[in-house]
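A.B. asks: Listed here are the chains, written in short residue letters.
Protein chains: 2
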Amino acid sequence: MNYPSKLIEDAVKELAKLPGIGKKTALRLSLHLLKQDASFSQNLAQAISQMRSGVQYCTTCHAIADKPICKVCSNTSRDNSLVCLVAEIGDLLAIENTAQYRGLYHVLGGLISPINGIGPSELNILSLLKRLAESPVEEIILALPATMEGDTTAYYITRKLQDAGSTVRISTIARGIAVGSELEYTDEVTLGRSIISRVVL
Amino acid sequence: MNYPSKLIEDAVKELAKLPGIGKKTALRLSLHLLKQDASFSQNLAQAISQMRSGVQYCTTCHAIADKPICKVCSNTSRDNSLVCLVAEIGDLLAIENTAQYRGLYHVLGGLISPINGIGPSELNILSLLKRLAESPVEEIILALPATMEGDTTAYYITRKLQDAGSTVRISTIARGIAVGSELEYTDEVTLGRSIISRVVL
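Protein chains in written order, with our numbering: chain A, 1440 to 1640; chain B, 1440 to 1640.
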């Protein structure tokens, strides 16, 4: 593609680095920005730049925060006997959005993945063990994806806790057929698991 | 949605104003930016901000340029007896990308649309008439969309040129079945038009 202006080319190049945005979409977005008021682009640029430089991470649970301790950890009305373990901050936000969980969190910052060179030391696992040693909880809920990486990470953490002599209850989020979806169209693995993990009424 | 940080909330709000980006995608993009190096966000913010404040528009054809006269208008090897009329800069870039056209352009900056309150005076029509009066051309190619607004704009410009006593040849881009597509799956209007505008071999 031959760009009419170096400035547009730069903007397209940077926008196209974002996930799910190709060169065509990046060009469409750039032309859209040019059609809008100048304040639109300035506000967008400022918001992006300020977010990246200003966001802090909670020193306890590693979630995003505006202060050294995040909103959830500093909220005394939350149940501090429960810790939900998630891989990414996006997972935490998704669970928070359900308004069904009132405990605390711990963000691992990824999953153990030897293929991608991510070992336990790259994740916030040591800080979890330290945190649990300092302030024990009753239950840890593993809310990790049902992938090989998720299972490996869950197994590693379970073993580490057992090795440390912890007697904390470890649970995992329920897997089964999504609410509102048809049995007929559910994939075999999910349907199979949902029969094995059936719940007594 | 309850955001963990005001800074993220601001970034999501600004990103979600872009066309085709909803709140969920905006959040995903924001979390992606936070996972990358700080320079990634700074470069993106800078590219957006500099593009909007630095881009100029060609004083002849109204296309995007780095200088008062764009690359196409200042290129002496282009055929200056041809002017292709397009609604938006994106259309110009699409035609340039084909590498099939060696003439000049004129960007209208939109289409006549009474419903959206866009009249002829909001578009670069007067400057087109002035440009043609100063340096006459042999042919004007209308590369406008096949919509009511496109047809209205084409009709208005054709009438204006006739009223001004211009004898310039006016043509429009060919409409028909896309190269490589099946007759069977082409919509009736396109297929009908392609039979009426059949080309003698």
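Among these hints, one or two may not hold up.
Any copy, or any two copies together, can satisfy a pair, since identical chains are not distinguished.
What the hints assert, rightly or not - Pairs of lysine to aspartate or glutamate residues, derived as EDC-like cross-links and limited to a Cα-Cα distance of at most 16 Å, are as follows:
hint: 1; residue 1: Lys1456; residue 2: Asp1530
hint: 2; residue 1: Lys1599; residue 2: Asp1530
hint: 3; residue 1: Lys1462; residue 2: Glu1448
hint: 4; residue 1: Lys1456; residue 2: Glu1578
hint: 5; residue 1: Lys1599; residue 2: Asp1449
hint: 6; residue 1: Lys1474; residue 2: Glu1527
hint: 7; residue 1: Lys1463; residue 2: Glu1577
hint: 8; residue 1: Lys1510; residue 2: Asp1590
hint: 9; residue 1: Lys1474; residue 2: Glu1627
hint: 10; residue 1: Lys1510; residue 2: Glu1578
hint: 11; residue 1: Lys1462; residue 2: Glu1573
If you are wondering where the hints come from, they were derived from the structure by calculation, not from laboratory data. All of these numbers come straight from a predicted model, not from anything done at the bench.
A.B. asks: What hint numbers does the structure not satisfy?
C.D. replies: Hints 1, 2, 4, 5, 7, 8, 9, 10, 11 contradicted; others consistent.
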